[in-house]
Amino acid sequence: MSRLAQGGRIDRSKKLRFTFDGRAFTGFAGDTLASALLANDEHLVARSFKLHRPRGIVGFGADEPNALVTVGKGAYATPNLRATQVTLTDGLEAFSQNRFPSLQFDLQAVLGLFQRFLPAGFYYKAFFLPSWKFYEGMIRRTAGLGRAPTEPDPDRYAHRHAHCDVLVVGAGPAGLQAARSAAQSGARVMLVDERDELGGDSAFHGGRIEDRPAPFYLHDMAAQLAALPNVRVLPRTTAFGYYDHNLVTLAERCSGGELAQRIWYVRAKQVVLATGAIERPLVFPNNDRPGIMLAGAARAYLQRHAVLVGQRPVVFTNNDSAYETAFDLAAAGAKPIVVDVRSHPDTQLQTGCARRGIELIPGATIADTGGRMRVDRIEIVPHDNSRRRRVACDAVLMAGGWAPVVHLFSQSGGKLRFDEVQSCFRPALPVQAVIVAGAANGAFDLATCFAEGARAGVEASRRAGHDAVVIAPPQVADEAGLRIEPHWRVPDALARGKQWVDFQNDVTSADIELAARESFCSVELLKRYTTTGMATDQGKTSNVNALALLANAVGKAIPDVGTTTFRPPYTPVTFGAIAGTARGDLFRPRKYLPAHAAHVKLGAHFEDFGGWQRPEFYLRAGETQEVAIAREWRAVRNGVGLFDGSPLGKIEVCGPDAGIFLDRMYLGSASSLQPGKLRYGLMLNEHGTVIDDGVFARLTPTRFLVSPTSGMALAISARFEDWLQCEWPELKVAVCDLTTAWATIAIAGPSARDLLQRAGTDIDLAPDVFGHMQLREGTVAGMKARVQRVSFTGEVQYEVSVAWSSGAALWEALFAAGEAFGVAPIGIETWLRLRIEKGYIHIGSDTDGTTIPADLGFAVPAKKQSDFVGRRSLTRPDALRADRFRLVGFESIDPERALPVGAHVLPAGCKKPPALLDGRITSSCVSPVLHRSIGLGLLKGGLDRRGEIVTLFYEHNTLSARVVDPVFYDTQGARLHG
Amino acid sequence: MLLLDCPFCGVRPEIEFACGGRSHVQRPGPPEQVSDEQWSAYLFFQPNPKGLLRERWRHVVGCGLWFNVERDTVTHAVTQVYEMGAAPAETTP
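Protein chains in written order, with this note's numbering: chain A, 1 to 978; chain B, 979 to 1071.
By construction, these hints were calculated from the structure, which means they are not laboratory data. Accuracy of the hints is not assured; some may be wrong.
As the list claims (entries may be wrong) - In the DSSO-like style, the derived pairs of lysine-lysine whose C-alpha atoms are separated by at most 30 Å in a straight line are:
| hint | chain 1 | residue 1 | chain 2 | residue 2 |
| --- | --- | --- | --- | --- |
| 1 | A | Lys335 | A | Lys498 |
| 2 | A | Lys601 | A | Lys784 |
| 3 | A | Lys784 | B | Lys1028 |
| 4 | B | Lys1028 | A | Lys415 |
| 5 | A | Lys556 | A | Lys498 |
| 6 | A | Lys556 | A | Lys677 |
| 7 | A | Lys591 | A | Lys556 |
| 8 | A | Lys677 | A | Lys601 |
| 9 | B | Lys1028 | A | Lys269 |
Claimed, not checked - A few chain B positions that, by computed beta-carbon distances, are all more than 10 Å from chain A:
| hint | residue |
| --- | --- |
| 10 | Gly1007 |
| 11 | Thr1053 |
| 12 | Val1059 |
Stated by the list, open to error - Here's a subset of chain A near chain B, in silico, CB distances under 10 Å, partners left out:
| hint | residue |
| --- | --- |
| 13 | Val431 |
| 14 | Thr740 |
| 15 | Trp742 |
No residue lacks a Cβ here, since even glycine has one placed at the ideal position from N, Cα and C.
Could you put together the complete structure from these sequences and hints?
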């Protein structure tokens, strides 16, 4: 056990049992999974992504590249969690990933033997014959992270929106001081931190603030803030995205209660980023063995969790910050050695080591390490290679300097600059309302962190409109700077073995140098070619080292190489949290027809059409889908059918200029239409492309009812508004979308008139009085109604509209009246097939983004009085080409076989692709009435090729079809007008 | 996500709005006098400035009205908002 008997901030009275790969362990309340594993001497926790090398815990928090685990089982499993950020709970089950059959014995680790044959970009070099697809499955199985659970996530998540004056991200000394300063001005403040315990890394220091131990002082500060009415403190909450106009997204891991996580959308007037800094590893040979970790992390495990990560640790550093770690470890009973790459460390530090009996080896580096499942020895070599020395050890603690966490600042659009003295990227130019303070701003001593925090809090609250007075920051002892000396890697002359830069992606210094030699010199290309800085940790520990090595390799300065783009999220966010409550029935609102209950009773099979739950077809006992559709089909052709068309768009366009307006919006004149009459029109965009069709009825001289395609009503009324408000504000027109004010039932078939008559109406239905394409207002079955004679089926058809609230009553009345005529309810699938027999197009199915009216057989009236949208485009040279794709009918040579929608027409003489597209099938059906297999489609040259037999290609099969006119049924329209 | 100051409803988040692209675009006409070249230039060639851009937005789930927004395409800072049909104030970039 590496747990100390005393110290740390854990509750030794609360023992927690947990398992890792099925083996039982115990920890204490206050542990993370990582600290509990280390306390149990479990250093080997993962296998690397590509090469399956044994890997251990490196960091303490969000920076962890190696210790990715799956927590929970079955539906509750969450993969790829950082063990360093998993709060230990009683009964927790965790599993290692990417190993077979076990962590200790991983068969795929044999890949490591071939490592020199697997350099950067080796996928691109090796796996292209016969094709990448040939290898992809195998490679994806070998390389990988955790498995996503296959069952639905049973956890609950929620989203919440919040506003504040000042959002402070990070509750270390700078963040706490900023929040305190802002809060005393009266500003509304939110303070968020990703850890359980507030105080930042300073809570792991042995130092003192205002003459009290640092952690106690910082905890009190946080508690006092949380008690203020104008401050909201959120621990366990990661700010993961910084978007435009100061929108910051947070992921809160809820403790207890019903919610697993909550996503916050915070719109802050001002943001203070006090996100701290991440320690950088040093790059040296075989620096990836378990037991090799960051110095700051080792100190944190000691101070926070009372875990001593090694009895004989080697602290390997290029700066001053690691000495405190060595001193703390010595105080806890370990026998550390310090290897400092600098030849002349500060004399105070030298004396400090001497006083504690710590051996200090300056001016040296580590040339190699050993130990299979945990580091057990290192080889130390002076820079002049004068003498090599082997030292036994049980941990190596790396201190390569600190990288400010600039991720959110960069996401906000801010620019960075490289600080040569501290060798790190620091925030330079902000773009949004943001202030950076503390270590995130490159301040690595406590006094400066407090001072910057105080200033940031005052400035942010002032900018947010609150008066703040600077309160004196707490008194702390002065600290020297880092006095860092860059040591980007061990020179080849000294090194023995690969030097790892990115632990998560198995990238070595040699890979980066190879990429540079192969001209992948841009940092963005380097990232993609070597995969450095990719995957779940996004290079939090590795990016600066990789940049520095690239800069060296191409002979540039680090700032000239630049950085890759930082993108959200800062740490991975589980999909369930992103979805929130928008799943299952709540994914989006479902819209129901007024007669929904009646459809359910009739055996309707529902499908989502543009958000509407619509009957697709109605199943009777023992029927299959196709049998039901054929039955409904014959009912419309031989008797009568009822179709619930309530979602049909109904837009009223009113005003003295309504006719002129519609003339400009449609191909098809409205102003010449008589009241009580209907007309069909095509709507075009400015390119002349047909984007919708519809029918408009003139109710009165100043009032039109426009019926666009169902599902397009919102878009079309928005389009009307667009042109009215922005292009023709002089027109006196008002537009109102009444789609859901009116329910509409269509009656179609030879017995339609008889049915409507029997239902009872005061409208004269005689065909010579109320003809096709006319509208009447009156009553139907005692309800105030509008009745239109239009037809999508080719039969006599009445569309009866009543108030939405009377829709169910209308359906019942019409259905009862229809029983004498053997009425059948008709589903939308049958409806859409019936129209194919008549060659009625469905915009978006039978047309695409290039279809113009002429392609559909609509001539442009040469002398239409007014201009209309899209007209000028109809005479562009491209619109006049003879070989355009134009609408035709197709008939399968085999009458039993349906023409597959999407099948391509091969050019004449071609039997097999590749070939240029000559046409395609857009709609098809096998008609149970005509006993023919028919379809519509677009064909180069269109009906000029009438009678031609063409070859269709679909899913490696071919079949033959004849090009015919696109009207298959009642070609003269006698039934329609009957 | 932008915050836009609708001239009729006040400051609202971007999800309430729809963007209609560049404003103050002059459509060449009348159609019979417009050459194919002029029309193609109008249809297919849109400037994509780095810096100030004036564009049309509609407050779809609010008042339903269109208005103009002048926005910096680099920083997304909104420099002015004005009603449809109004002339913009001069802005020095």
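Okay, the hints, checked on the actual structure:
1. Between Lys335(A) and Lys498(A), the direct Cα distance comes to roughly 28 Å. Compliance with the 30 Å bound is thereby established for this hinted pair.
2. A C-alpha spacing of about 26 Å is found between Lys601(A) and Lys784(A), which places the hinted pair at or below 30 Å, so the restraint holds.
3. Pair hint Lys784(A) plus Lys1028(B) does not hold up; C-alpha atoms about 58 Å apart against a cutoff of 30 Å.
4. Proximity of Lys1028(B) to Lys415(A) is assessed by CA-CA distance (about 17 Å); at most 30 Å being required, the pair is judged to hold.
5. At roughly 23 Å between alpha-carbon atoms, Lys556(A) and Lys498(A) fall within 30 Å of each other, so this suggested pair holds.
6. Pair hint Lys556(A) plus Lys677(A) does not hold up; C-alpha atoms about 77 Å apart against a cutoff of 30 Å.
7. As the CA atoms of Lys591(A) and Lys556(A) are separated by approximately 61 Å, the hinted pair breaks the 30 Å bound.
8. Taking the CA atoms of Lys677(A) and Lys601(A), the gap is about 37 Å. The hint is violated against a cut of 30 Å.
9. For the hint linking Lys1028(B) to Lys269(A), the alpha-carbon distance of about 26 Å falls within 30 Å, and the restraint holds.
10. At roughly 7 Å, the least C-beta separation between Gly1007(B) and chain A is not larger than 10 Å, which violates its mark as non-interface.
11. For Thr1053(B), the requirement that its beta carbon stay farther than 10 Å from each beta carbon of chain A is not met, with the minimum near 5 Å.
12. No beta-carbon of chain A is positioned within 10 Å of the beta-carbon of Val1059(B); the least distance is around 14 Å.
13. Residue-level restraint check for Val431(A) holds (minimum Cβ-Cβ distance to chain B is 5 Å; threshold 10 Å).
14. Hint status for Thr740(A) relative to chain B: violated, with the closest Cβ pair at about 16 Å, above 10 Å.
15. Restraint check, Trp742(A) versus chain B: the minimum CB separation of about 21 Å is more than 10 Å; hint violated.
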